[in-house]
Every structure is written in C-alpha cells, then in structure tokens.
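Student: These are the residues of each chain, in order.
Number of protein chains: 2
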Amino acid sequence: MTAATPIPAAAEVAFLKGLRAVRQFRPDPIPPSVVDDLLQVARWTGSARNRQPWEFVVIRDRATLGTLADADGYAGHLAGAPLGILLVMAGEQPTQETYDEGRLSERIMLAAQSHGVGSCIGWFTSTGAETVRAALGIPDGKIVRTVISLGYSDEEARAARPKPPQGRKPLAELVHEDRYRP
Amino acid sequence: MTAATPIPAAAEVAFLKGLRAVRQFRPDPIPPSVVDDLLQVARWTGSARNRQPWEFVVIRDRATLGTLADADGYAGHLAGAPLGILLVMAGEQPTQETYDEGRLSERIMLAAQSHGVGSCIGWFTSTGAETVRAALGIPDGKIVRTVISLGYSDEEARAARPKPPQGRKPLAELVHEDRYRP
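Taken in sequence, the protein lines are chains A and B. Its first residue numbered 0, the first sequence is counted upward by one per residue in numbering that gives the first Met the number 0. Its first residue numbered 0, the second sequence is counted upward by one per residue in numbering that gives the first Met the number 0.
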C-alpha cells in the first residue's frame, strides 16, 4: 500500500540510510512483543509469486547459539547475542529464494532497528550449514545459510573494537542514466 | 546505528508490514529529489564485506522502458511506469550478490513507499537479460536480472484488475523455537 503514512519521508529515508550492523550485544533479553513484531514484519515480506518460501527458527538456547556461532562460516557474533533467527528456505528455486532471503533479512534488521535492537547477518559455509542442519534437525533439501544475531548494542564493546569499513561508494560511481556507460 | 529514532516503533512496524507491490502507475514523473532519496538509500544498503557489488541504471526513456518491458521475463509493468531502476550486479560472487540484490531491492521499494511512490520488482529470464544487456550496453560478466518499476499508483486501474494473492501464511506455520519441528 502506498497510502499516506504518518511517517515523514525525510525521517523514513534517514532511518533506512542509518541501518548499520551491530556485532557486540548486551546480555539483556529482547521482550517477546518485540520478537513478535520482527516475525510479523518477516512474515509480510514480499516474495516472487507470493511463495513465502521461508521458515524461521527463533533461537534463545545458549548452547545452540554457541553451536551455530562455531559452525563454519561467519556467524561468530551469535555467541554473544541473546537471540538469533535462523532462516530456513524451501530449497525449491534456489536463485529466486536467495534473492527473497535478502529481502527478508533486510526487513528483520529494519524492524529490529525500529525497536532500538541491533542486528548482524551471519552466513554459513556449506559445511557450516551441515553442522546447523544436524544440530537443529532441519530436513534435507531445505536451504540453511543465513542467521541474524539480535540484541541491544553494547556500545562500550563496540567502541573498543576496530570497526569494519562502513563507508559507501558515491552515487557518481554507481548511477547511469538510461544507458550503461563504463 | 540503533540510536534513538524519531519514528515510533509501532509506526515503523506498520510501515514495513504495509509494503505491497504496485503494478499500475499514473504517468506523472517522479521528482528528481525523490529519485535521489531512493538512490541514496540504495547506496547505503549493507552488503557482505561491504563490497557494494552494484550499479544502477535509472531509466526514464520511454522506448527503453518498452524494450525492457518486452524482454523475456516478468517486467511487463515497466511499460506503464514513468521510471525504472535496473540493478547491475558485479557478477563476481553470484550467490552472495543475489542475496545482496534482494536487500537492495527491498530498500528501494521502502524508500519509494516513504514518498508515496509505488513499486514492483521485475525479473528477467536469461534470454531477457541478454536483450537488456544488448539494449543498454552492459558489459559481459555483470549480472542483469532485476528491474524495479516506480511511479505513483493508479488506484482506479489497480481496482479494476484482479489482484494477485496477497495474504501471508500465519506465524504458526513458519516459526520454530530453538529446534526445527516438522
């Protein structure tokens, strides 16, 4: 729907531009009503032909979070997060679902940010995905690749760590008008 | 950043949940300042290792929009849109970039919605992508697959057309706690 929204465009644009990954979390749990909002936003994500090719495993168990953090890949930040959401994709149309998985991830992060909750995307290699599959009982054929760490940012720990590069290319390097001009 | 935002969480969650594809557009052009906002939001999208593996072709030329609308795939709605943004991906890490392409698309649509601009994702088949590549001079190796139609919704035309299914599965079908339970 593009009906009038109570959010001024400039505020929304600033909100969208302001999303940054958070990798260091305080141990405070995320209230259930906030988790429900994230899942509702996730549920309403658009997908090709409205297939909704996804399921979510909401993980609070510390041992399980640790197992996933140690699995091959880039999900180490999960070890310090109070909660993770693992995305389980249907595995029927891999390219299309990978694209939909990106849409879904972005929304979960934005919904989290709206509640002041930080997030970071974790990604498993294929061997890491097998570890996760075995640990959580995920059927063969489903795609397991992305987990989102969620929690309140530990600003002190964040400030103490070197930040990965966060700048962005200028539009002049990215935008072409009507035709691609190398 | 998860710093305090002036947007109440409930309003943002409703905004995120409310995004729907728009396929019928009025001919009114989109003001340049709005297009700039969309591109700025696109530019600030997160990507794996901050690679930013994307470029954008902003298309207003009617003949070009028509060529893309006719290319093999699912971008027919572009024929009636005042503007399209074609996503050109680097083509170096296809799976990762397909995921990033989904994140990017979602943000462009949300930024558009914040300005009351409707949008719809178009998708080219591989033969359609070759048509687009030739028409716009896009180098071999780059991935061309997604175009986003943008414009103000033509509510009358929308109302007159059968709507594709827009409902969503309930969370009870999607969510698992700590472990996958088929």
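Treat the hints loosely; a few may be bogus.
With a Cα cut of at most 20 Å, we get these calculated DMTMM-like pairs of lysine to aspartate or glutamate [said to hold, decoys possible]:
#, chain 1, residue 1, chain 2, residue 2
1, A, 168, B, 129
2, A, 141, A, 153
3, B, 141, A, 176
4, A, 16, A, 172
5, A, 141, A, 54
6, B, 168, A, 177
7, A, 168, B, 60
8, A, 16, B, 35
9, A, 16, B, 54
10, B, 141, A, 172
11, B, 141, A, 54
12, A, 141, A, 91
13, A, 168, B, 54
14, B, 16, A, 54
15, B, 16, A, 35
FYI, nobody ran anything at the bench for these hints, they're computed from the structure.
Student: Now tell me, hint by hint, if it's right for this structure.
Tutor: Okay, the hints, checked on the actual structure:
For the proposed pair residue 168 of chain A and residue 129 of chain B, the alpha carbon gap of about 27 Å is over 20 Å, so the pair is violated. Distance hint between residue 141 of chain A and residue 153 of chain A is unfulfilled; the C-alpha atoms sit about 34 Å from each other, more than 20 Å. Between residue 141 of chain B and residue 176 of chain A the alpha-carbon distance is near 17 Å, which keeps this suggested pair within the 20 Å criterion. Between residue 16 of chain A and residue 172 of chain A, the direct Cα distance comes to roughly 18 Å. Compliance with the 20 Å bound is thereby established for this hinted pair.
Restraint check for residue 141 of chain A and residue 54 of chain A: the C-alpha separation of about 10 Å stays at or below 20 Å, so the hint holds. About 39 Å separates the Cα atoms of residue 168 of chain B and residue 177 of chain A, which puts this hinted pair outside 20 Å; it is violated. For the suggested pair residue 168 of chain A and residue 60 of chain B, the alpha carbons sit about 26 Å apart, so the restraint of at most 20 Å is broken. Distance hint between residue 16 of chain A and residue 35 of chain B is fulfilled; the C-alpha atoms sit about 13 Å from each other, no more than 20 Å.
Note on residue 16 of chain A and residue 54 of chain B: the hinted pairing holds, with a Cα-Cα distance of about 17 Å set against a maximum of 20 Å. Restraint check for residue 141 of chain B and residue 172 of chain A: the C-alpha separation of about 15 Å stays at or below 20 Å, so the hint holds. Using a Cα cut-off of 20 Å, the hinted pair residue 141 of chain B and residue 54 of chain A is violated, with the two alpha carbons roughly 31 Å apart. A hinted pair counts as satisfied when its Cα atoms are at most 20 Å apart, and residue 141 of chain A with residue 91 of chain A qualifies at roughly 8 Å.
Taking the CA atoms of residue 168 of chain A and residue 54 of chain B, the gap is near 10 Å; set against the 20 Å cutoff, the hint holds. Using a Cα cut-off of 20 Å, the hinted pair residue 16 of chain B and residue 54 of chain A holds, with the two alpha carbons roughly 17 Å apart. Distance check on the hinted pair: residue 16 of chain B and residue 35 of chain A sit about 13 Å apart at the alpha-carbon level, within 20 Å; holds.
Checked against the numbered hints above, the structure breaks hints 1, 2, 6, 7 and 11 and satisfies the rest.
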